[in-house]
Amino acid sequence: MVYLTRQEHFNAAHRLYNPEWSYEKNEEVFGKCANENWHGHNYDLYVTIKGEPDAGTGFVFDVKKLGQLVKEHVTEKLDHRNLNLDVDFMKGKMCSTENLVIGIWNELKIHLPPEVHLHCIRLYETPRIFVEYYGE
Amino acid sequence: MSRKVAVFRREHFNAAHRLYNPKWDDATNEKVFGKCALPNYHGHNYEMVVKVTGKPDKKTGYVIDMKTLSDIIQKEVTSKFDHKNLNLDTKEFKKLNPTAENIVVVIYQLLRPHIDKNFDLQVRLYETPRNFVEYPVK
Numbered sequence: 097m098v099y100l101t102r103q104e105h106f107n108a109a110h111r112l113y114n115p116e117w118s119y120e121k122n123e124e125v126f127g128k129c130a131n132e133n134w135h136g137h138n139y140d141l142y143v144t145i146k147g148e149p150d151a152g153t154g155f156v157f158d159v160k161k162l163g164q165l166v167k168e169h170v171t172e173k174l175d176h177r178n179l180n181l182d183v184d185f186m187k188g189k190m191c192s193t194e195n196l197v198i199g200i201w202n203e204l205k206i207h208l209p210p211e212v213h214l215h216c217i218r219l220y221e222t223p224r225i226f227v228e229y230y231g232e
Numbered sequence: 056m057s058r059k060v061a062v063f064r065r066e067h068f069n070a071a072h073r074l075y076n077p078k079w080d081d082a083t084n085e086k087v088f089g090k091c092a093l094p095n096y097h098g099h100n101y102e103m104v105v106k107v108t109g110k111p112d113k114k115t116g117y118v119i120d121m122k123t124l125s126d127i128i129q130k131e132v133t134s135k136f137d138h139k140n141l142n143l144d145t146k147e148f149k150k151l152n153p154t155a156e157n158i159v160v161v162i163y164q165l166l167r168p169h170i171d172k173n174f175d176l177q178v179r180l181y182e183t184p185r186n187f188v189e190y191p192v193k
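Heads up: the protein sequence lines correspond to chains A and B, in order. With the numbering used here as the guide, the letters of the first sequence map in order to residues 97 to 232. With the numbering used here as the guide, the letters of the second sequence map in order to residues 56 to 193.
Rather than coming from a laboratory, the hints here were simulated on the basis of the structure. Heads up, a few of these hints could be off.
Stated by the list, open to error - Some, not all, of what chain A presents toward chain B, calculated at C-beta under 7 Å:
id	residue
1	T101
2	H135
3	G136
4	E172
Claimed, not checked - Chain A regions said to be covered by chain B (calculated; three or more residues, Cβ under 8 Å):
id	segment
5	108-114
6	175-185
Keep in mind it's a predicted model, so treat the numbers as computed, not measured. Glycine is no exception: its CB is placed at the ideal position from the N, C-alpha and C atoms.
Work the whole structure out from these sequences, hints included.
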């Protein structure tokens, strides 16, 4: 079994704000991340699939195709966007890194060919903060 | 032989912005700035590298105390820009397009009055790990 990872990136604005809470409670929980005019990040995305290398190609999966699928279904929807306002699969959700990685997993999962086994998505919000999701 | 030494302090801030010239129509802005002009903003993890060049003090051995330099950057720059929308939340970019070029010049101007006149100051600003600018140019 080999794990194959493709790295992509996108730059986006967001804010952390729960509309069911008061302004003060949001400030208390999310601090400066609740700023009403947004802030933003350079997100780095690592998509890992797993499988046995094909006897004919030596590939687990054509990594260029994987990159194209990630771009088409994930990064083109997120890059230079506002995660709270512009992204269909984040509508009604809190735009934390945790929820974003789950959203990305779900979006990608339905567009990957059935023979591709998605293993892990790692998402960096900053060079010092990242999350991982294994679909569990 | 010159005894000048350059010292560097790295700091960062995360901010939203968009590139937009209000004197142009939307079509022209989109043509020139592409997706950077999108109306709902996007954002970056900005990294600053602040360079101060001078002769180390005889008593301390320092060009400038790094903690002092960090405090100056924090007060003059980071506290104003971190987790802000550069277009909407900062007075510096109310009428100035927040390109990396303009941001680095603003950062230099904010810091310069607080650094000893005998020292050279230079700022490098990373908008992404692949795009960065420097001011002033030597």
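Taking the hints in turn, this is what the structure says about them:
1. Nearest Cβ of chain B to the Cβ of A/T101: about 18 Å, over the 7 Å cut. The hint is violated.
2. The restraint placing A/H135 at the interface with chain B holds, with a minimum CB-CB distance near 4 Å, inside the 7 Å limit.
3. Among the interface hints, the one on A/G136 holds; its C-beta lies about 1 Å from the nearest C-beta in chain B, closer than the 7 Å criterion.
4. With its C-beta approaching chain B no nearer than about 10 Å, A/E172 sits outside the 7 Å limit, and its interface hint is violated.
5. Here's how the segment 108-114 of chain A fares: 3 of its residues keep a CB closer than 8 Å to some CB of chain B, so the rule of at least three is met and the hint holds.
6. Check result for the segment 175-185 of chain A against chain B: holds, 6 residues qualifying (beta carbon to beta carbon below 8 Å, three or more required).
Figure legend: structure checked against the earlier numbered hints; hints not met, in rising order: 1 and 4.
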